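A.B. asks: Residue numbers (the numbering used here), protein chains in the order written: chain A, 2 to 202; chain B, 2 to 111.
Simulated from the structure, these hints should not be mistaken for laboratory data.
Misleading hints may appear alongside valid ones.
In silico lysine to aspartate or glutamate, DMTMM-like type, Cα no more than 20 angstroms apart, as pairs [what the hints assert, rightly or not]:
#: 1; chain 1: B; residue 1: Lys46; chain 2: A; residue 2: Glu19
#: 2; chain 1: B; residue 1: Lys33; chain 2: A; residue 2: Asp36
#: 3; chain 1: B; residue 1: Lys77; chain 2: A; residue 2: Asp36
#: 4; chain 1: B; residue 1: Lys55; chain 2: A; residue 2: Asp36
#: 5; chain 1: A; residue 1: Lys24; chain 2: B; residue 2: Asp83
#: 6; chain 1: A; residue 1: Lys20; chain 2: B; residue 2: Asp83
#: 7; chain 1: B; residue 1: Lys77; chain 2: A; residue 2: Glu21
#: 8; chain 1: B; residue 1: Lys77; chain 2: A; residue 2: Asp22
#: 9; chain 1: B; residue 1: Lys55; chain 2: A; residue 2: Asp58
#: 10; chain 1: B; residue 1: Lys77; chain 2: A; residue 2: Glu19
Sample of chain B residues with no beta-carbon within 12 angstroms of chain A, all distances over it, derived [said to hold, decoys possible]:
#: 11; residue: Phe54
#: 12; residue: Ser65
#: 13; residue: Met107
Given the structure is predicted, the values throughout are model-derived calculations rather than measurements.
Ideal Cβ positions, reconstructed from N, Cα and C, are used throughout, including at glycine.
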Amino acid sequence: MREQLIKYIEFLFKDTPEKEDLKNEIMSNTLDKFDDLVSGGMSEDNAFNCSVSGLGDISSLISHGKSEKVYAGQKPRAFMLALAVALYILSLLPVIIFDDNERLGPSLMFVMIAVATAIIIYRAAAFKKYDAKADAEIETKAEENGKNTVKNSIKSAIWALCIVAYFVVSFSTNAWYVTWVIFIIGAALSNIVNAAFSLRK
Amino acid sequence: MSIAADLIRGHTDAVILSVLMRRDSYGYDINKTILLSSGGAYELKEATLYTAFKRLEDAGAVSSYWGDENTGARRKYYTITDKGKEMYRQLYSDWENAKCIIDSLMYKEK
Chain A
2 MREQLIKYIE
12 FLFKDTPEKE
22 DLKNEIMSNT
32 LDKFDDLVSG
42 GMSEDNAFNC
52 SVSGLGDISS
62 LISHGKSEKV
72 YAGQKPRAFM
82 LALAVALYIL
92 SLLPVIIFDD
102 NERLGPSLMF
112 VMIAVATAII
122 IYRAAAFKKY
132 DAKADAEIET
142 KAEENGKNTV
152 KNSIKSAIWA
162 LCIVAYFVVS
172 FSTNAWYVTW
182 VIFIIGAALS
192 NIVNAAFSLR
202 K
Chain B
2 MSIAADLIRG
12 HTDAVILSVL
22 MRRDSYGYDI
32 NKTILLSSGG
42 AYELKEATLY
52 TAFKRLEDAG
62 AVSSYWGDEN
72 TGARRKYYTI
82 TDKGKEMYRQ
92 LYSDWENAKC
102 IIDSLMYKEK
């Protein structure tokens, strides 16, 4: 049975040759446990089962290297989001600068909005695989710290303020054709809140 | 048991450092010490143990070295650093504090 235990642990690490140290550590500890149980009078079968079940969710440790890469992926993600948000905000500039040109200003504005939106969509699609895992990890941590509730309150506050701002600005300036941008800014701010909480992990 | 285990989980680092305060030790020995000290009531999951080792090592609270067993697999020993001792003292006084507060907040039925 001892041989089988060694084979079992070798099998657990077959795809991660770089985790040699961890493997050796787990190997020696698990064999110590097995020997201890057997010398305590337990049958080899039972000792094997005990040692294997004790290893529990060791797979999460073995794939740990991958989850570090998830965090590495956070930086470009955050940067792309920041860039997109900057574009959204700056998109109003052409309209202000080219005040006398009715076509150029709005055209440039829409181009910038399109680019910003494209960045966000690309970011979501390209990092989708990371997302679920990273967010799940971050989510549990956030929940532990009770930060999730803070995050959600901030986000609902942003949306409430957006609606208020939309009507106030729209009625006072009568610029209904452009004030809807407030909602995009709202979405962006809400994403910034997400990113800020993620980065603080 | 599972509720008690949840309560203890937050103190995993302190429990491990407590063993290492007394002597250098390796994974299975640490867990066995914990099991025996608690009278068989508490044992760390191995995944928890190795995660805690990595966390403590990254934090500079412990350092590790390989034993020179002649027979069988070599053991990875952990030793507590000065920083780790400092950390343990802090965790210990935090716990004394928390224990005191919780004791005074819990109403015991007559």
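A.B. asks: Of all the hints numbered above, which does this structure not satisfy? Sort the numbers upward.
C.D. replies: 1, 4, 5, 6, 11, 12
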